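> What follows is each chain in one-letter form.
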Amino acid sequence: MSARYEVSIEHKHEPESADGGKRHPNTCPRCGSHYRDDELAATLRVCPHCGYHFPLRATERILQLVDVGSFVEESAELRSDDPLEFFDLRPYKERLAEAEVATGLGEAIVIGQAAVGGTPCELSVLDFAFMGGSMGSVVGEKFTRACESAAERGIPVVSVTASGGARMQEGILSLMQLPKTVCAVEMLHDAGGALLSVMAHPTTAGVLASFASLGDVIVAEPGALTSFAGPRVVAQTTREKLPDDFGLAESNFRYGHLDAIVPRSELRHYVARFLRLFGNGAERG
Amino acid sequence: MVPSEAELRLRERLSRLRSLRLPGGVRVSREVERLEGQLERLSEEPPSDDQIWRQVELARHEERPYTLDYVERIFEDFIELHGDRTRADDPSVVVGLAHFRGRTVALIGNQKGRNLKERVHRNWGMAFPEGYRKAMRVMELADRHGFPLISLVDITGANPGLAAEQHGQGGAIARSQARMLRLEVPTVACIIGEGGSGGAIATAVADRVLMQEHAIYTVISPEGAAAILWRSEEEEEKRRAAAAFKPDARHCLALGVIDEIVPEPDGGAQNDYDEAARLLGTALSDALEVLEGVPGDVLRRRRRERYRSIGVVTTA
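The listed protein sequences derive, respectively, from chains A and B.
Counting in the numbering used here, the first sequence tops out at residue 417, every number present.
Counting in the numbering used here, the second sequence tops out at residue 304, every number present.
There may be inaccurate statements among the hints.
[To be verified] Result set (SDA-like, lysine to any residue): computed pairs, CA atoms no more than 25 Å apart in a straight line:
(1) A:K154 / B:K105
(2) B:K105 / A:K225
(3) A:K225 / B:G212
(4) A:K225 / B:V59
(5) A:K373 / B:A231
(6) B:K105 / A:A367
(7) A:K225 / B:P35
(8) B:K105 / A:T369
(9) A:K373 / B:G149
(10) A:K225 / B:T303
(11) B:K105 / A:G164
(12) A:K373 / B:E221
(13) A:K225 / B:A215
(14) A:K225 / B:E211
(15) A:K154 / A:G164
(16) A:K373 / B:S297
(17) B:K105 / A:T370
(18) A:K373 / B:T303
(19) A:K154 / B:G149
(20) A:K373 / B:E211
(21) A:K225 / B:A231
(22) A:K225 / B:E224
(23) A:K225 / B:S297
(24) A:K373 / B:D37
(25) A:K225 / B:S220
(26) A:K373 / B:D57
(27) B:K105 / B:D57
(28) A:K225 / B:E225
It is worth saying that the hints were derived from the structure and are not from the lab.
Predicted model, so just to flag it, every value in this text is computed and none were measured.
Could you put the whole structure together from the sequences, leaning on the hints where they help?
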């Protein structure tokens, strides 16, 4: 028994991988345990050994949350343009095309109508696998449409975020998506609609500093980074010794920025309860 | 580049103004004049990469006038207000009330320091959440008493610090924008130096957004962009990043992010504070004049429509 514990401690701060290659997506980065696809699927991609929440693709997230067959995607046809003709190490257009091929998604966000626990809602899910879930014009537009659609139908919005922040390749226009999405939440609220914001790992920078922080109720997954600036940037700039839980959901909960930390296994029930509480409150607008 | 959209917006506003037959003829014709000036700027040749870097240098110039330099030259009866009524007073954000050409206005401004001691005191102009909360308190005050709001933006970027995170920087920036989108008083923002990322947008969501000729407005600093996108700290990548982001006023106008470029004295505002303040004062006053008299709910609706429609998307 004790030998087993030692192994997991040894792996606790394991670097990306000993031989410099990529870790297998089913290997837990926290405890080093390895699982088959069906094992992880059965636990909603949460490590049964240490509780680490593996990242979820938008489609997996939607399947986990909504009632079977209830999801109807909206605005799937929207694509990013390249208004700045942006070129860093590679052209932005090339990065977009590559992300689309790699993820099977048109952009870093999926929105649509759904029902959870029998109550209808509008769902907005960011996918970190598409350029770090970054928010450019399309993410801003689709989130806005989700709010408008919800306001029109008098139902709440459930937003799940996983994003590094603004899409830098769209320059100042990506910064403008902050007020744009804030505006969408304001209009939703004026119409009597509610927003549940679920922060998955990571929810940082421009997304944290806009719609994700404006939920009527804000929750996060365990261990999710939910700080504006990442720990590396803060440590480099300030040369401060940072606490181990810097910017994590657990720390933000303690400081009063979150309503709850909800493990993935309970998220569906939490969303269903939220929808029952807010589900018929949108008719007063 | 897509200058067409910004150009269309300016042209539409122009034709709407020209078709007006109002008693305030002088007021309208001045607005027409100004819009024509902005259109002319759009038709000029966009700045080269070297010129863009020059803008970055000027926007960060050590001698560039800061908020308080303008306050003493543009406003009268200024009283500074302090504290966020929750926890602390953040000296990197200056707020207050003042007389401005016959009316009382509420003022918000980022404030940098001129020497090391001041810079430490002002935290290099980088606001803490307390600063955004102080700003929100003044927005509410303005709304309550019907004072127009003027916001002068000059911040390198949000605050990369432990305390800023613990005190809820992300949420404070989000709520500050929400508060600005809810106001029913005229609001004018002007980027007077660095308009850096979340720190800038927190207090820049206004009915009219102006930008000084040599200011910059950007989603990330050239240094940050070089580090993240180019994975480099070299000077050359910094310059390349700056050029790629097109943070200069001319590009921001073309992208429809700002409404107007405010001219500066020859060579930059640092060369003549009085003249820079005179030009800024005139621009602020003209912007307010256009907004005053418009009902609060209309202001709010138009402000929201403006931000609702910003961005460039296409379809598969």
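> Each hint needs a verdict: does it hold in this structure or not?
Consistency of the hints with the structure:
1. A:K154 / B:K105: Outside the cut-off at roughly 48 Å; violated.
2. B:K105 / A:K225: Cα-Cα ~46 Å, so violated.
3. A:K225 / B:G212: holds, 22 Å
4. A:K225 / B:V59: violated, 45 Å
5. A:K373 / B:A231: Distance ~35 Å between K373 of chain A and A231 of chain B Cα, so the pair is violated.
6. B:K105 / A:A367: holds, 23 Å
7. A:K225 / B:P35: holds, 23 Å
8. B:K105 / A:T369: holds, 19 Å
9. A:K373 / B:G149: holds, 11 Å
10. A:K225 / B:T303: holds, 14 Å
11. B:K105 / A:G164: violated, 49 Å
12. A:K373 / B:E221: Holds, at about 23 Å.
13. A:K225 / B:A215: Within the cut-off at roughly 21 Å; holds.
14. A:K225 / B:E211: holds, 23 Å
15. A:K154 / A:G164: Between K154 of chain A and G164 of chain A the Cα gap is close to 13 Å, so the pair holds against 25 Å.
16. A:K373 / B:S297: Measuring from Cα to Cα gives roughly 43 Å; hence the hint is violated.
17. B:K105 / A:T370: holds, 18 Å
18. A:K373 / B:T303: Between K373 of chain A and T303 of chain B the Cα gap is close to 47 Å, so the pair fails against 25 Å, i.e. violated.
19. A:K154 / B:G149: violated, 31 Å
20. A:K373 / B:E211: holds, 23 Å
21. A:K225 / B:A231: holds, 18 Å
22. A:K225 / B:E224: holds, 23 Å
23. A:K225 / B:S297: holds, 23 Å
24. A:K373 / B:D37: violated, 39 Å
25. A:K225 / B:S220: holds, 22 Å
26. A:K373 / B:D57: Violated, at about 37 Å.
27. B:K105 / B:D57: holds, 17 Å
28. A:K225 / B:E225: Distance ~20 Å between K225 of chain A and E225 of chain B Cα, so the pair holds.
When held up to the earlier numbered hints, the structure conflicts with 1, 2, 4, 5, 11, 16, 18, 19, 24, 26 and fits the remainder.
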